[in-house]
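We have chain Z; now place chain E onto it with these hints.
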Amino acid sequence: MKNETRNEGWYGRFLHWAGGEEPDGPEGPEDPERQEFLEYLEYIEAHGDMEFGAYRLMRYRERREKGMEGAQPPADRPAERREVRRPARRRRPGALRRQLRLYRGLSVCVIAVLAGIFLLTAAAMPSFGDPEAPAMNEVARRYLEDGVEETGAVNAVAGMILEYRAFDTFGESAVLFAAAGSTLLLLHSPRLRVRTFRGPDALMSLLGRGLLPAILLFGIYVIVNGHLSPGGGFSGGAVLGGGLILASLVLGEERMAQLLSTRRTTRLTVFCLLAYAGMKGYSFFTGANGVGWEIPKGTPGEILSGGLILPLNLCVGVIVACTMYTFYILFLGREE
Amino acid sequence: MLEVLVEQRFYVTAVLLFSVGLAALLLHPNLIKKIIGLNLMDTAVFLFLAAMGYVDGGKAPMVEPGAEAAAYINPVPGGLVLTGIVVAVSTTALFLALTHRLYQKYHSVNLDVILMLARRGTEEE
Numbered sequence: 001m002k003n004e005t006r007n008e009g010w011y012g013r014f015l016h017w018a019g020g021e022e023p024d025g026p027e028g029p030e031d032p033e034r035q036e037f038l039e040y041l042e043y044i045e046a047h048g049d050m051e052f053g054a055y056r057l058m059r060y061r062e063r064r065e066k067g068m069e070g071a072q073p074p075a076d077r078p079a080e081r082r083e084v085r086r087p088a089r090r091r092r093p094g095a096l097r098r099q100l101r102l103y104r105g106l107s108v109c110v111i112a113v114l115a116g117i118f119l120l121t122a123a124a125m126p127s128f129g130d131p132e133a134p135a136m137n138e139v140a141r142r143y144l145e146d147g148v149e150e151t152g153a154v155n156a157v158a159g160m161i162l163e164y165r166a167f168d169t170f171g172e173s174a175v176l177f178a179a180a181g182s183t184l185l186l187l188h189s190p191r192l193r194v195r196t197f198r199g200p201d202a203l204m205s206l207l208g209r210g211l212l213p214a215i216l217l218f219g220i221y222v223i224v225n226g227h228l229s230p231g232g233g234f235s236g237g238a239v240l241g242g243g244l245i246l247a248s249l250v251l252g253e254e255r256m257a258q259l260l261s262t263r264r265t266t267r268l269t270v271f272c273l274l275a276y277a278g279m280k281g282y283s284f285f286t287g288a289n290g291v292g293w294e295i296p297k298g299t300p301g302e303i304l305s306g307g308l309i310l311p312l313n314l315c316v317g318v319i320v321a322c323t324m325y326t327f328y329i330l331f332l333g334r335e336e
Numbered sequence: 001m002l003e004v005l006v007e008q009r010f011y012v013t014a015v016l017l018f019s020v021g022l023a024a025l026l027l028h029p030n031l032i033k034k035i036i037g038l039n040l041m042d043t044a045v046f047l048f049l050a051a052m053g054y055v056d057g058g059k060a061p062m063v064e065p066g067a068e069a070a071a072y073i074n075p076v077p078g079g080l081v082l083t084g085i086v087v088a089v090s091t092t093a094l095f096l097a098l099t100h101r102l103y104q105k106y107h108s109v110n111l112d113v114i115l116m117l118a119r120r121g122t123e124e125e
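Respectively, the protein sequence lines represent chains Z and E.
Here the first sequence is numbered in this note's numbering, starting from 1 and rising by one per residue.
Here the second sequence is numbered in this note's numbering, starting from 1 and rising by one per residue.
Be aware that a few hints might be false.
[Stated by the list, open to error] Not the full set, but computed from the structure, chain Z residues with beta-carbon under 10 Å of chain E:
#1 TYR103
#2 ALA123
#3 ALA180
#4 LEU185
#5 VAL320
#6 THR323
By construction, these hints were calculated from the structure, which means they are not laboratory data.
Note that the structure is predicted; figures quoted are calculated from it, not measured.
All residues carry an ideal CB built from backbone N, CA and C; glycine is no exception.
One chain only, chain Z, in its complex shape (with noise of 0.2 Å):
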C-alpha cells in the first residue's frame, strides 16, 4: 500500500494519509517497528554494541543512498517505549475520504437549510421602506428630533457614533489597531527587503501626482465635515488611506518609509486612540456627575460645532488612515 501510493502525487499521498498508515494493528505481523528491532538485535550479535538510535540513523541513510522507497528518518524515541505506545487515532482505509464526503453532503443541507429559514424570514419581514417598521423605534427617532440639540451635530450618524455610542466607536478604533498590530507581528520580516524598486512608470507617475492632492484634501475635508455632511472619520480616513497608498506607489517605498514609518504610523495611531479616549472619558465623566464643565455644542451647522465631535472624527480619521497603510506596506513584504 505504502508503495503504490507514493508515486501518485500529492493528492495520492492526501488520500494514503487519509486511509492510515497501517491496515494491520501495532501487534500484526507485519509491525515495520518491530521488525527493525528484530533486525537490530540481529546486527548487534554479529558487530557489536550500537545504540539503537545510531543504528536507525544508519539504516536510514543506507536506505536513502539506495534510493529505497518509503524510506522514513528515525524516530528520536526508542523502540521499547514505542512498542507500549498505541497510537492514539488509527483509521482504516478511506475514512478520510468518506469523512469529506459526508462533510460536504453536510454542508450543502446545512447551507439550504438556513436559506431556506431566511427566505421565509424575509417573506415575513415588514415591507421594504415601511415608515411603521419595528426599526423605526424610538430610538432611532430619539436620534433624529432631539440628536442635533443634544449633539450639535447635524449629521445625525456622527451624533450617534461619536457622542451616544462613541465608546462603541472607540472599540472599533481599538479592533483595527489590534487588527495592525497582529498582522505586524504575523508579517514582519526585515529579510524581505531585497526586492528593488524600479520607480512608477511615467503614466502612473503622472497621473498620480496630479491627483494626489486632489485625493488628500478630499479626504481632510470629509473628515472634517464629517458632522455636516455625509462621512466622518472612517470614511474620510479610508480616503486618506488610499491616498497614502497612491503616494508610496508614486514616490517609491524608500521615500515614504523615510515620511511614514510602520513606527511612526503605530505612534500616531496609538496617540489618537488615547486622545479619544481621554477625550471621550472627560465628556463623559463631566457629564454623568454634573460637573458642568461641558465643552460648548455651539451653533449647528457650522464648521466649528458639535462640541468633541469635530476632534474625535479627526482621530477615528488618522487611525483609519494609519491602518490601511499599515496593511498596504505590510502585504508588500517591506516595512520599516
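Chain E in isolation, oriented as in the chain Z frame:
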C-alpha cells in the same frame, strides 16, 4: 410568492449573497477563496442592515432643526454597518496575514494539502 420576492428584493439578494458566501467558505479548499466567501457574507449582512434602515421617501439623516423624524431614514443601521465594515476589514487583513504565513511554511494555500503536510510533519518529528 413572486410579488413578495420582488417587494423584498433587497432582503432576498442579501440571503442569496450570504448563501453563496457560506458555500464558498465551507466547500472551497482554497484559503483565499474561503476569505472571499467570508467577505461576501459580510457584504450580505451590510446590505440587509442598510435595507432595513430605509424609509420610503426618506432623505439621508442630515437633520434640519425642527424637521420630523419620518422625513429621514433610520440612522441606527448606518452606524451598525460602519462597525461591521471596520470589523470585516480587520478580520480580512488578519486572515490574509495568517494565510501568507501558512503559504510561507507549506507553499500552498489549499487547506487539504496544508492539513496533509502538517500531519506528515508531526509524524516525522
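Among the hints numbered above, which are violated by the structure, and what are their numbers in rising order?
none
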